[in-house]
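**Q** Sequence:
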Amino acid sequence: MSLNVRRTVAGILGAGAFTGATLFAAIPTAFAEPVPPPNCTAADLAGVSSGVSASTSAYLFTHPEVNNFFTGLHGLPHDEMEAKVNEYFDANPQIGAELKGIRKPLQDIRIRCGDTDGDGDVDIL
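Heads up, the sequence shown is in numbering that gives the first Met the number 0, so the first residue is 0 and it goes up one at a time.
These are computed hints drawn from the structure, not numbers from a lab.
Treat the hints with care, as some may be off.
Stated by the list, open to error - Here are the computed distance ranges between Cβ atoms for each label pair:
(1) Ala-82 to Pro-36: 20 to 28 Å
(2) Asp-89 to Asn-66: 17 to 25 Å
(3) Ala-82 to Thr-40: 32 to 40 Å
(4) Asp-78 to Ala-42: 32 to 40 Å
(5) Glu-86 to Ala-42: 34 to 42 Å
(6) Ala-42 to Ala-90: 19 to 27 Å
Every residue, glycine too, gets a C-beta built ideally from N, C-alpha and C.
Kindly produce the complete structure, drawing on both the sequences and the hints.
**A** In structure tokens form, the structure reads like this:
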């Protein structure tokens, strides 16, 4: 094969590869997930999570009986733990409401940032 033919073939292959790469790179943007709302970055979620954790810790330290209850759940199977927590909140509705209030910002950001189709259900996170 002559040098000119080789250059022509290389040029055609190179142009085809460039075109293919360009088209291939454009495909993900066409099918990309919707852009999440503002303030929905990993840093935002971590900040809200750390605030909820700090508030929960402060609550448990200032309510030793609640701290003892939750500490006593360690090692139980998940379904048994869940049943005991529900029973505890039924018997102590104010404590349940206070702890749910502490967790509310985390639930809010998960719903706001994870509901990508607007149906009220968390789709991601």
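**Q** Holds or violated: the 20 to 28 Å window for the beta-carbon distance between Ala-82 and Pro-36?
**A** violated (36 Å)
**Q** I want to verify a distance hint. Is the separation of the beta carbons of Glu-86 and Ala-42 within 34 to 42 Å?
**A** Between Glu-86 and Ala-42, where Cβ atoms are some 37 Å apart, the hint holds.
**Q** Looking only at beta-carbon atoms, does the pair Ala-82, Thr-40 fall within the given range of 32 to 40 Å?
**A** holds (36 Å)
**Q** Tell me if the beta carbons of Asp-78 and Ala-42 are separated by a distance inside 32 to 40 Å.
**A** The hinted range 32 to 40 Å holds for Asp-78 and Ala-42, with Cβ atoms some 34 Å apart.
**Q** Does the hinted range 17 to 25 Å hold for Asp-89 and Asn-66 at CB?
**A** 19 Å Cβ-Cβ, so the 17 to 25 Å window holds.
**Q** Note whether the CB distance of Ala-42 and Ala-90 lies within 19 to 27 Å or breaks it.
**A** violated (39 Å)
In this structure, the earlier hints numbered 1 and 6 are contradicted, and the remaining ones agree with it.
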